[in-house]
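Asker: Position chain C against the provided structure of chain U, taking the given hints into account.
There are 2 protein chains.
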Amino acid sequence: MNFNRHLENIEVYEAGKPIELVVREFGVAPENIIKMASNENPFGMSPRVAEAIAKNSYKGYLYPDDSMYELKDALAKKYSVDSSEIIIGAGSDQVLEFISRAKLNSSSKVLMNGVTFAMYSIYTEQMGAEIVKTDSVEHDLKQFQTLAEEHNPDIIFLCTPNNPTGDIIEKDNLLNFLETVDKNSLVVVDGAYMEYVKYSSPDSYIEPKDLIEKYPNTIYLGTFSKAFGLGGMRVGYGVAKKEIIENLYKVRPPFNITTLSLLSAIEALKDMEFVENSIESNFSEMRRFEEFADENGLDYIKSSTNFITLLLPDGYNSSNLSDKLLRVGIIIRDLKGYGLNAIRITIGKPEENSRFFEVFKKIL
Amino acid sequence: MNFNRHLENIEVYEAGKPIELVVREFGVAPENIIKMASNENPFGMSPRVAEAIAKNSYKGYLYPDDSMYELKDALAKKYSVDSSEIIIGAGSDQVLEFISRAKLNSSSKVLMNGVTFAMYSIYTEQMGAEIVKTDSVEHDLKQFQTLAEEHNPDIIFLCTPNNPTGDIIEKDNLLNFLETVDKNSLVVVDGAYMEYVKYSSPDSYIEPKDLIEKYPNTIYLGTFSKAFGLGGMRVGYGVAKKEIIENLYKVRPPFNITTLSLLSAIEALKDMEFVENSIESNFSEMRRFEEFADENGLDYIKSSTNFITLLLPDGYNSSNLSDKLLRVGIIIRDLKGYGLNAIRITIGKPEENSRFFEVFKKIL
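Line order of the protein sequences matches chains U and C.
With my numbering, the residue at position 286 of the first sequence is 286, and numbering never jumps.
With my numbering, the residue at position 294 of the second sequence is 294, and numbering never jumps.
Keep in mind the hints are simulated off the structure, nothing from the lab.
Any copy will do: because identical chains look the same in the list, a pair fits if it lies in one copy or spans two.
For lysine-lysine, the following BS3-like pairs were computed, each having C-alpha atoms within a straight-line distance of at most 25 Å: (1) LYS349 x LYS55; (2) LYS198 x LYS302; (3) LYS209 x LYS241; (4) LYS302 x LYS142; (5) LYS241 x LYS78; (6) LYS270 x LYS55; (7) LYS59 x LYS349.
Chain U with its partners taken away, still in its complex shape (with noise of 0.2 Å):
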């Protein structure tokens, strides 16, 4: 049977290991995983989520509000954006399905990082669309500029702080280059870690009022997978003038999100005290990793956000040392598909991070 050819060399996104795959592969108890690979909130959602989804647990019979009223209002009352530049997503990954294929067809180009979230590029290849990289590990705008001239793309993917790498676009540096971005090229700012920013950079911290009054070719993404500890819910959001938002209504299917993913995305924006508390624990944690790497002379990306970086010296392989963290239930990212000899790692709890500590220095 015939599919679309484009689709024949795709390459399926690795998502990061559950727990359930470590227990049923090597038979590690549960209670000794850790999971360190997919950028979760160790401390989880807020306790007063957790509570709204239990007492309203048998209300998933029900289609959710698909206007999603409430939801919009509260994100256009935080963002001071209208309801109209709203759109949600199933995370702000779905968002990202939907601007690729609202605006990409197989004679497109989409421009990105060299190093950066891999849905850029999977979303950019089940369109057909050509993909244009950067040679950067970190975002090199000059090199944005030059490749978005001579290339002339219908999208450009900017992530800021960027996945895998956790550093940030600088504030003033993002905005000058939207001044060179031509006004067909629709620019994505991804920001799914941006609430890190506000603590540990808030001169690069950026909403999407500082991008889409001025940019109207751009669009912010949002998450609540993050920051928030809703992961596994999956809603995101992106903000962007009405003229987009409408585009990627076209191919939004109804009913996108559950109705408890619905209910628990407006209950997490009413507890930001659990944010910033996770936040604050997050960035006094990500010191101990720095700490560890200098004693250990490993070499780490200054990060932005709620996981860290580590570079592997000559010598260690970082496919190696995942697999054997994995088989003791320590679940991180190896960054080998990124192209780097790296590992990416959750900051977890405190006793978590010891415990990584302990494990990998036995491992090195």
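Answerer: Here is chain C on its own, set in the frame of chain U:
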């Protein structure tokens, strides 16, 4: 800004109105609203499932096991197929999306019944493909055969029981039709309401293995949204030969159902008694709707689902009637958009149906 041109005239799916909207727009108290528009199970979900969600609510911070090992294993056992022959979607709706994206392009054609589930057209339009429809309200497989020979469609959608009419395709007719179909046409057999057929018309009950073994160009779709009472959790599935499933996987985003949705579907399969009891009540209440229609001189389509379609006589307007019901808190589905002067009503609990009869009689 330019977007894909074929999206310009796309219609957006009109979802059944949520309770929240009726509260907001008409000021009806939530406890006085009966939702009979979206074919949810009026008994909600199995208490066992609601309890499992409540107990595990805090786990929503973790991404789900993206292999969906346990759910696929349970479905594989239920249907005597292999796990590799199953793909999970956010509702069977998302599997429809995967099918369209994997199989269609702007030179494709798609064949479907004159009156059928609206998302078939919408996903086809999203891909810029051409829609060919029979002129029938109930599936006319002779017309399907003629049109298939003439147009050589890439996808043929069959919906049994059909939404929004409730009638079934007889199993023998369906199998005979499959004999005539070109092997490169993918035949989608959408069995979203199939659990109800097992009870009402067992001779036409279809399981995936009835189709895919002999006709490897078919895919069966099922859902947890209807008889299992998990509409708001967004879990459905497709069952087909591995070659087809592998191609659909190429456009599946990672983590496409939530952690709690995965858990709830696994749990729901363990309580078939709840499903059977819901279906038994459904059909005894269906008899009351049929009697009500007979007594009031209304025609209806014999239904094998959890809804009934009432055809309105001249002088009545389905949109006016739906609007009048809405203002007193009874949400039903106007079928004007499907080209029918008819309304579709989800079979409710006995007391909900009694209220519907009472109010509707006054309005008629």
